[in-house]
Amino acid sequence: MARIVVVTSGKGGVGKTTTSAAIATGLALRGHRTAVIDFDVGLRNLDLIMGCERRVVYDFVNVINGDANLKQALIRDKRVDNLHILPASQTRDKDALTEDGVERVLGEMAEEFDYIVCDSPAGIERGALMAAYHADEAIVVTNPEVSSVRDSDRILGILASKTRQVEQGGDPIPGRLLLTRYSPERVERGEMLSIEDVGEILAIDLLGVIPESQAVLNASNAGQPVVMDMESDAGQAYDDAVARFLGESRPLRFVDAPKRGLFGRLFGG
Amino acid sequence: MSASPSSVQAVELKGRMLLVSVLRVYDTEPQNLSMMLAARRDEAPELMRDMPIVLDLEPVAEAGEAALREVVERVRAEGFRLIGLQDGEAARALESADATGLPPRLSMGGRGGSGELPLGEGRAPRETADQGASGEASAATQSASGPVAVHSATRVVDQPVRSGQQIYARGGDLLVTAPVSAGAELLADGNITVLGPLRGRALAGVRGLVTARIFCRRLEAELLSIGGHYRIAEDITEAERGDNRLVTLAGESINITES
Chain A
0 MARIVVVTSG
10 KGGVGKTTTS
20 AAIATGLALR
30 GHRTAVIDFD
40 VGLRNLDLIM
50 GCERRVVYDF
60 VNVINGDANL
70 KQALIRDKRV
80 DNLHILPASQ
90 TRDKDALTED
100 GVERVLGEMA
110 EEFDYIVCDS
120 PAGIERGALM
130 AAYHADEAIV
140 VTNPEVSSVR
150 DSDRILGILA
160 SKTRQVEQGG
170 DPIPGRLLLT
180 RYSPERVERG
190 EMLSIEDVGE
200 ILAIDLLGVI
210 PESQAVLNAS
220 NAGQPVVMDM
230 ESDAGQAYDD
240 AVARFLGESR
250 PLRFVDAPKR
260 GLFGRLFGG
Chain B
0 MSASPSSVQA
10 VELKGRMLLV
20 SVLRVYDTEP
30 QNLSMMLAAR
40 RDEAPELMRD
50 MPIVLDLEPV
60 AEAGEAALRE
70 VVERVRAEGF
80 RLIGLQDGEA
90 ARALESADAT
100 GLPPRLSMGG
110 RGGSGELPLG
120 EGRAPRETAD
130 QGASGEASAA
140 TQSASGPVAV
150 HSATRVVDQP
160 VRSGQQIYAR
170 GGDLLVTAPV
180 SAGAELLADG
190 NITVLGPLRG
200 RALAGVRGLV
210 TARIFCRRLE
220 AELLSIGGHY
230 RIAEDITEAE
240 RGDNRLVTLA
250 GESINITES
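Sequence lines, in order, name chains A and B. Position one of the first sequence corresponds to residue 0 (numbering that gives the first Met the number 0), numbered consecutively onward. Position one of the second sequence corresponds to residue 0 (numbering that gives the first Met the number 0), numbered consecutively onward.
So that you can see chain A by itself, here it is in the shape it has in the complex:
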């Protein structure tokens, strides 16, 4: 059975799709059979970031509607074995994501993959709810600024009450924080919230901190997940995050003047 991971944030433009692509690619690079699904029906970004936009024939909605089967719609990544992409439809809207349909597709995928990464759309509406509903755990992507933190907090509240696991009487799914576009210099100048500030407000475990980096933009433009650019700081930071996701313990990098006590607390949970 696959483990279903939702990458979510509430706020748009904080790096959900970049993160979904990087985490999925990182998992596949470590040999796990991984699929990444674009839940942002109507907008469709994941295939661009993954560099497979010219190979899209069928999409997620086609599979839900039974126009195509899963095999036809899944796009095999050319660079990384074990990595598949299920793109979103650009011609439909999020109402096309039916509860039964999503459940059936995820159920079918769960037999073939070790990890299914769900790239959530922004907002707290249907698309985001559907992406989160079946998840076993969540990665909450947050930028170090107040509105992003507030939205992440909201999403954490929704995750605590609106997942299948909770509705079936289970515990809320675990959620971990991925702080993206972090600039230690701007934090020092007081222009940005620190890891400490964000950690204190959200009070969840920290999965990683991705520095603000030109490499992310370059990677997006090239259609290559940034985690494959191991020369770059962002690539390495994502690699660390994937390692931590899989239970490895790695120190934070690219965060200047780390304050041990707090990190210990964040990781210790």
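Among the clues, some could well be false.
[What the hints assert, rightly or not] Some but not every residue of chain A turned toward chain B, in silico, with C-beta under 7 Å:
1. Leu155
2. Gly156
3. Ala202
4. Arg249
5. Arg252
6. Asp255
Source of the hints: derived by calculation from the structure; they are not laboratory data. Beta carbons: idealized from backbone N, C-alpha and C, even for Gly.
Fit chain B to the known structure of chain A by using the hints.
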């Protein structure tokens, strides 16, 4: 999940726990009874006003049905909202004489006055006509002191209360052992205690209990309210913010002190 526009239901059957206070009567003497009822009620008038009450007459089952009926009327007259009679000898005696205007018999588990409630009998609440019964005045004597049960549970929340979430402790206190985020809202008919930073809104005594208090381990609230009086974040000074703050209402002003 909530996003399911296709299935709009007209009705929904859900199991819910209802906290019910049982008012046990040990004395049917009208004056004594009225006095004690009034005293109970005045302890927390706002809280009692709509509180569902089950009346337990079993300790005075011998008093005769006229006296019992008088008790029922008197309890109602003092403003308590009767939703049932504890099943037992007294309740059945009352009902067999004249069921008009009586709340339904309820079996509240365990401690019936007669001790030998036949199972399956009298469990289902019945419809009752809603006319006031003609209770002839009648009396018995004794003092009804301590044992009137007024119970209000504290609602305990151990998870962080996130932006957009609202938690209401109806009929009692609220205890949150985790952080309360900006954009979250806590409401309680009684007191509110937050053993973490309070960054959202906290409204205590929302049904008018002006003696309600709010305590938080760290005060960074957006809004504080007690018994309908409130202060917004802008009116809370830097000095008032901080650790271990107690919020009380004095007259019409919200006071914040370190405790």
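Verification of the hints:
no. : hint   : verdict
1   : Leu155 : holds, 5 Å
2   : Gly156 : holds, 3 Å
3   : Ala202 : holds, 5 Å
4   : Arg249 : violated, 26 Å
5   : Arg252 : violated, 28 Å
6   : Asp255 : violated, 26 Å
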